[in-house]
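**Q** Listed here are the chains, written in short residue letters.
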Amino acid sequence: MSEAIIAKYPLFQRLDDVCTIADYLLTQGANDLEEVTDALISMCMTYPEHVVETGLLMNVEVLAASLKPKNRSHVHAHFMAIQKHLHDITDQMEAGKPLVAHFPSMTPEPFIAMDLAYMCAEQLSLYLVGALTDGVEEILDASEADGIPGHSCGFQRAPFKAMETGQLPMPDMFMCTTAPCNSSNMLYQMMMQRYDIPMFVCDSPYYWNDRSFDYFKEEYKRCLQGISELTGHTIDVDVLRERVEMSNRQLQYMYELQQLRRLKPNPDPGMHRAMDLAAWLMAGSNEECITYQKMCYDEAKARADKGLGVIPEGMKEIRTLHTYGWTAHFLSFPDWLEDELGSTELECGLSIYPGELVGLVDTTSLDTMLDGLAWRSFNAVMHRTVMTFSDLHIQDMVSVATEYDAEVALFAGNNTCKWGWTYPKMLTEALQDNLGIPCLTWETDLMDKRFRSPEDVKEMCREFFNTVRMSEA
Amino acid sequence: MILGVDIGTASTKAVLMDDSAIAWQCKIATNANPEAAVAAVLSALQAERTVDRADLEKVVVTGWGQNEVADVAKCDTVASVVRGALWNTPSARTVLCMGAQESLVVSLDPRGRVLGYARNDRCAAGAGRFLEIICEPLECSVDATAEVASKADRKLQLSTQCAVFAESEVVSLVNDGESVANIMDGILGTIARNVITLCKKVNKQEDFVVAGGLARNERILRTLQDALDVRLHRFGPEPEYICAVGAALAGGRS
Amino acid sequence: MSSDVLTAATASALDELLTLPLRGDNPYIREWKQKGGLVVGFVCSYVPEELLVAHTGGVANARILPIRLGATGCTTTEDADVYMHKFICSFPRCLLQLGLDGEYNFLDGLVFTSCCEHMRRVYEPWRDRVGVGIQSMISVPHANTGDHHFQWYYDEAMNVLSDVDRKYGYHTTTQSLRDAIKTYNRYRELMLELYRLRALDKPLLTGSEAMKIAIAGFNMPKEVFNDKLEAAIAEISKRPGIENVRARILISGSYIDDTNLIDIIESTGAVVVTDALCMGRKHIEGMVDESPELDPRKAIVGRYFNKISCPRMIHGLPDRLAFLNKLIAEAKVDGVILEKMAFCDNHGIENHIDEVELEKAGVPVLKLEREYMATDTGRYKTRVQAFLEKIS
Amino acid sequence: MIFAGVDVGSLSAEAVLMEDDRLMAHSIITVKPNPVQSATIVMDEVLAETGLTQDDIAFCVSTGYGRERIPFAQHDISEISCHGKGAFWANGDVRTIIDIGGQDAKVIRIDTNGDLVDFVMNDKCAAGTGRFLEGIAKTFGLKVWDLGDLALAGGDPVPISSICTVFTNFDVMCFLAKGRSRADVALGVADALATRINRLVTSVGIEGGVAMTGGVAKNAGVVRSVEKVIGRKTCPLATDPQIIGAVGAALYARERYYKQQAAN
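In order, the protein sequences belong to chains A, B, C and D.
Numbering of the first sequence is given in this note's numbering, commencing with residue 1 and proceeding in unit increments.
Numbering of the second sequence is given in this note's numbering, commencing with residue 474 and proceeding in unit increments.
Numbering of the third sequence is given in this note's numbering, commencing with residue 728 and proceeding in unit increments.
Numbering of the fourth sequence is given in this note's numbering, commencing with residue 1120 and proceeding in unit increments.
Just so you know, the hints here were simulated from the structure itself, not pulled from any lab data.
Remember, predicted model here, so these are calculated numbers, not experimental data.
Heads up, a few of these hints could be off.
Straight-line alpha carbon distances no greater than 25 Å define the calculated PhoX-like cross-link-like pairs of lysine-lysine that follow [said to hold, decoys possible]:
no. : chain 1 : residue 1 : chain 2 : residue 2
1   : C       : Lys1059   : C       : Lys1025
2   : B       : Lys547    : A       : Lys316
3   : D       : Lys1257   : B       : Lys500
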């Protein structure tokens, strides 16, 4: 790892600190928040000031949830994976490898096989939103003060502003798809225009069908071709195969978990759903990713074998489908739902990734691998669900609802998400009116708790689940 | 006898239910102090009916302020709205409650179980507060609005649904010499349309019960009636007491 | 011709263009339908109109009249809001409302594009709750840099045509395509002439008038419109021209199809001398290549593919900025007003980028956010007046 | 030569009389539903105070809502320019003005003549305006000024996160109901308002001395919170910050008058 480079970029440093602290707390056996405080104090002795500083900024609820037995080991495994990833990035940067910033709808194996430095800036800022009490709110305000509309998505506004202010490295090139939204397309254009950064655009047609995929697939290959022409780094097929085999193993566990979540009681804690996506975004990056996903699976499997669930003894399970997705600034929400209301998370619209359909990447040849990776991207979160008519997402939600036997559905729509806010009525018709699954819809901001506070969301959900139980009685 | 208390942001409504009949009711200002409001209700009950707390089987609070009151039974707003509606109209399938801060619409199955509900999500556009805000620059009392609007001589369209913007829009309309009657009529239309949109988000069916302070407003009610093509039953006798009644009947959260 | 068209024809061409309803049903559309013609609506400047116009078939070789759908006069969105939340731009919500109200029942077809993520989601509720003879989608590529992009766009356009043909048994011929191209190129030339008259030192017409004429052009057969416009231009040319203009303004940003904002600007003594709107100057910039060796279909699609792009065209930003600067120079613009619809990310971010660039170049800029149904002029007027006090 | 300026806002109306650039008298009233009415009343008041009549006024400029409709004004100018001009008159060091009015919050930059260089105005909502404070003050059963003094007594501000004025009011009620001290809630409100204002400030940028004008500038608590977030003290003004708009109007009246004299 390159301490120099990590220290150079404040958000790298913060993220590295978060990982260090997570490692310390979750292994040094802090079991509750009091012990966390003691642990942090004892860290003052051995760790640099900025680590402890970060510790004081951390989101207490997320910490508390992470310390719970059902969460702690896979949370720990996850932070070990992201820290390893972060260190790999900085090593590559130090070695002078060009840095490609890629959009959250593709996995990085080809960049590794091209021996490049790579990061998904959206993913990195997401961790800070989740782990720190005030997330990246300061950065979001700064971008709005610049004149970027507040209704454009913070998912890009935050990391791009961080790049502009040197809190994240400015990449040597971008690679993105033109999914999901006008907001991301425009913000990528802004970066391209202001800093004259080459951008490799994988155009996403507005259909989910074969013709569309054939086009998208060629776009995907063209982008990788363009990157290797620009950098002179070509794909090493053996490395690619090795990495794709790694990511296949990782995704296999993800798919197995989908099967386990169909069981009653649901043996899989919901809190790692956002982390699954984060792990997907660095699939093939390191063994730690696989360890993380395997751990999630093993834990859930062990529970399933004993017929155990993830909600407190004696509480009745309410099987919940999250039709929009997780809320980055409130990562402990699913855990709160489980322990307070007995609501378990079946799937969520922002990390659903239908395994039966997407399958694994065929590693026979370079072509089969690139086709497979393109197919993955084509079905990635915020691609499959966005780049076609609403019907597909509704359909996905309905089949999950029926196959997993959902009892209620929650739609926590991101306020800046235009496509998301054309769904609720159709979802309510499909789930509530046709299947008798009560739906609760509310506005939130994925990246910014100030739009709607966790307390407020808790109040709404308490009432909603009380009402559902009342109706059952 | 059970006392149901609905602690709203603006006012607190209380009813004394004597086996499912209203034996007594009162309405006082909440003044952002739920504890005090409940105390005030109890002393009013004492003064007017010489009924002590000890004589009461239960005190059940609901509404915005319920979490701030100690040692009383609690009832969720949705639950009390539903119970209140079923008390008023046993065959109710849809309930609309237009409160001060929010409007809530609940869809029920034939056995009175909740199928789903929707509220105007943190937006006063379809709620009483909207009207209060607008009434200030127009120097008009909230109760008089329907009366004022009835004198409108032309249909006026307000472009904004945001209460605060609507206010500045109203100011410029006044500046343009528009009549208060026409503006008020336009405002009530805007509020009604926001409520209509809300109602259409759930699967609305007869019988349809309307309650809450705004249900007193004939202009709004008429617009709802025209747009929703279902027969509306106004919660009676006084529509803002629905939650207090419902809370008393629900007897608190299980 | 039906009687109301006759009466209309007797009026001055200019007066007529200035008074034609800003959207929907009008004498020309009615007459077109009476003659058995089809009317197909579209909502985006990436719909190659000539391809539709070149179609003929059905009853008495009737033809297709493409009209750009507007939503002026929409007074409420109570039903549309059920499907499209308040975070969605108010223009599509108004348009959907008019659809739900039956205002567009006279359409035989409706062509959407994937350009704007707000507008493209009107497709589903329109399909499920309104319904129309044919409803098509053109998935427009987000880049226009490669042949594969062109090929995709071309295939998309052809798919729309086969939708039409399948439903109505219409067809095109090389000749009908070439005729359509001629008509539309003439239309563009005439409109450019109108823009030239706006941009004179003493403008011969106001921005408000120009907007009305442009909208009229979306709502009648181009052959008819071209003749009217030519006559109107003759009338306009005889005008004395507007004296002591307080400031020459360019507006750019989100789709506009009413004169509310322009009227506010011009009520302060300024004149909107040009625009960079997708339904305005951008819509008429760039001719279809008429060279005989070229396949007219490819020529038509090519024009739309290469036109001054919509902000969502990911490599088009430099060209768009260059175009903006060209217009500023050509119309001797004193100040630029960048307007956007609330929640419009395409133009919201584009406006921000433009503002930074223009201010670097010393061009005064005012950014405005608006709602489609805006009747509340007070909030805009103060900003506009202050902006003029700043620059003049 | 006597010049008049009248500023009809959404909450209050002000009129001033100036003998060239010397302030003679001013008057402030709460607005009537009709701006012409407000303008006439406030102007009559200030005339009565000086014993002058309309005929003594050489030129009158109106500003604020309905400025175009004031019968006795020869010209109207936007309140944005007027606040710039007025603030510059009230303190020559001023280059940046934070004007918090009833409906709008504006940040204005002026040049060395007090003329407008750049400005930004709250687009989204009234959060961070006088109206916002009024609503809150009502919840407290206080006048806006007292709300400011209350905030000065606050130590631990409550976090006001709500983005909408209407719901900030709601949050405030929740905090009060939860038993937080009125001072801390008031301080939380002042800080929230200051944060909103700061967004406008950063987007225009600060240059030279900063002045706060408009009714809210009289609100000590808010001023302190604003100074805290923008990280500098505000310039003292030679007169009541609430009449700055009207003063600016009168100064423009003077400019106009002499320009016309020169022309003829």
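**Q** Provide an ascending list of the numbers of those earlier hints which the structure does not satisfy.
**A** 1
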